[in-house]
Structures are given as C-alpha cells and as structure tokens.
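A.B. asks: Here the sequence shown is numbered in UniProt numbering, starting from 1 and rising by one per residue.
Be a bit skeptical, because a hint or two may be false.
[Claimed, not checked] Distance condition first, Cα-Cα at most 27 Å in a straight line; then the derived BS3-like pairs of lysine-lysine:
| # | residue 1 | residue 2 |
| --- | --- | --- |
| 1 | K203 | K137 |
| 2 | K33 | K71 |
| 3 | K248 | K265 |
| 4 | K33 | K137 |
| 5 | K137 | K71 |
| 6 | K247 | K71 |
| 7 | K247 | K265 |
| 8 | K33 | K203 |
[Stated by the list, open to error] Restraint ranges, calculated between C-beta atoms of paired labels, are given here:
| # | residue 1 | residue 2 | range |
| --- | --- | --- | --- |
| 9 | G80 | D237 | 20 to 30 Å |
| 10 | G277 | R62 | 14 to 24 Å |
| 11 | D149 | A284 | 26 to 36 Å |
Hints are computed from structural coordinates only; laboratory data are not their basis.
In this text, a Cβ means the ideal position worked out from N, Cα and C, and glycines have one as well.
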Amino acid sequence: MALDKTPPLLRGDDGEGSVQVHQDASMKIEGAKVFSVYGKGGIGKSTTSSNLSAAFSMLGKRVLQIGCDPKHDSTFTLTGTLVPTVIDILKDVDFHSEELRPEDFVFEGFGGVKCVEAGGPPAGTGCGGYVVGQTVKLLKQHHMLEDTDVVIFDVLGDVVCGGFAAPLQHADRALIVTANDFDSIYAMNRIIAAVQAKSVNYKVRLAGCVANRSRETDEVDRYCKTVGFNRIAHMPDLDAIRRSRLKKKTLFEMPDDEEIVQVRKEYIRLAETLWNGTEPLAPAPLPDREIFELLGFD
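Please construct the entire structure, taking both the sequences and the accompanying hints into account.
C.D. replies: Here it is as structure tokens:
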C-alpha cells in the first residue's frame, strides 16, 4: 500500500491548523492596554518587561506585570525577591480559589507595579496555557484588572505552542525582544508566524521588536526591512544592565551614571510609543531556507 503523504487537515477556532478551543469571552481583559513580551530564551525578556513596567509607572500609569515562566523570576527586580506563584498558592488551598485574597498572589514592586508570577506545571507535565488562564481568572474574580492601565505578560522563551501562546489571546500588541544575531532573529521569525496565526481570531497584532544586548542593529534592521517589521527600541549591551539584575533592581533604582540615564530614557520612550499606539504590523515571516540565505553563515 502506498504511503499517504497528504498532511492532515486540521481546522479549529484558533487559526488554520489549530485544534485549540476558543477563549471564554468572560476572560477578556477590558479597560487596560495589554502587551505580551516574547523572544528567544535568555534574550532579556524579563529585564525588558520589568524596566518597561517601571517606565510605564514613571509615566503615571497603573501597571500589572504577569510572569509566565515556571522559574518565576520575571518580577524579582521589581520586588527584590522571588514571589510565590499562582499555581503554588492554588495548590496550598487545594485549588479552592475562593479562599484566596489578592494579597496572597499580587505583590507590589517598584513604582507601585503590581507583580504576579503565574508559574507553571512541573517539567514535562501539564500546560502553561492553563496556568495563564487560571491567573487571569483569579485577577478578574478579585477585580484586580479594573484599576489597571497597562498589563504586561512576560512569556517563557520562544515556546510558541498553544499553551505559551495563550497570552496572545489577551494582548493588544505583541513585542519581540531580539539581539543582532542569527539565532535570536530566527526565533523572532517563528514568533511572528505564531502571532499572525493568533491574529486570525484575536485582536492581538505585532507592535515591533526591541534590539537588546546589541552593540549594532544592522542584522535586525535588514531582517525587518525584508519582512515588513519595525524595530522600535534599542537597548545596548551594557554591563550596567546586567549589574542591575544582579542587584535585584530596575534601572530606575540604579545610580545615575551616564549609561544608565540614557537607557532609562530609551525605556521611557518605548513606553510612550506603546501607550500612544503602534501601527498594527503584519510582516511576512520567511521560510526557513530563506532566512538562512538572508542571515546565514558565509
């Protein structure tokens, strides 16, 4: 019998090829501007998210940052400590969420930023999307989103499966953190494809990318020009940024040396750009072979 090589046709509520269920309408975040921060693992998403939250707070905005990583270190430069995760707190009350108070899982950080760590299932088990959903559900039950201007989801690595793409169901804009190298841009290309798939049925659109830990931006800019994307910020590769994370502080709490002051200004400018609204971008991600040809090795 000849092997049938025809790919299976999967049609779901979440874009071509998806078998995901559609989001419960009651879980929509309303009244706040919602951003999801994605990028290659280790690229500096948590540093970017926390400093962006701090920058929004400096603009007088009421900010909530939600870490979506089992290692729950997204907000520790805002709070100065690793806070308990939503999933661990729910386990402590045998998942009887009605027993929880907001102060059990929402912690105040620098600039009054509200900090939540969703956490995640043990490695190789469960679904991160479930944890994100439970976190948003808890926040809505306790009316924690009603007095919030900005929500920032800081999402685990470049995992764009259905689970960790879940924050895209809530976001207005997705922001991608990259560096000026092949691996980071390759990951960005895949994330763009994931956001485009989500945008079929959700309001999320791409805001642009942040070149992080990069002395130059030539490769990022070349990729963006090719696919129709925008770089909307550049955070240079400074030891001061690494030091701030080691000291468990945002850049806004560090001494006022010239380099730090300049990067703070760039974060404030990025926050203003996002708050004022970005063009809803629809870049065309490259097939693997083409991105290798564009950025591959000589």
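A.B. asks: For each hint, tell me whether it holds in the structure or not.
C.D. replies: Against the structure, the hints:
Taking the CA atoms of K203 and K137, the gap is near 19 Å; set against the 27 Å cutoff, the hint holds. About 26 Å separates the Cα atoms of K33 and K71, which keeps this hinted pair within 27 Å; it holds. Straight-line distance between C-alpha atoms of K248 and K265 comes to about 20 Å, which keeps the hinted pair within the 27 Å bound. Of the supplied pair hints, the one linking K33 and K137 holds, its CA atoms being roughly 17 Å apart against a limit of 27 Å.
A C-alpha spacing of about 21 Å is found between K137 and K71, which places the hinted pair at or below 27 Å, so the restraint holds. The suggested pairing of K247 with K71 holds, with an alpha-carbon distance near 18 Å, which does not exceed 27 Å. Distance hint between K247 and K265 is fulfilled; the C-alpha atoms sit about 20 Å from each other, no more than 27 Å. A threshold of 27 Å between alpha carbons decides the hint, and for K33 with K203 the separation of about 12 Å falls inside it, so the pair holds.
Separation of G80 from D237 is about 25 Å and conforms to the stated range, judged on CB atoms against 20 to 30 Å. With their beta carbons about 18 Å apart, G277 and R62 fall inside the hinted range of 14 to 24 Å. For the pair D149 and A284, the beta carbons lie near 33 Å from each other, so the given range of 26 to 36 Å is met.
In terms of the numbered hints stated before, the structure departs from none.
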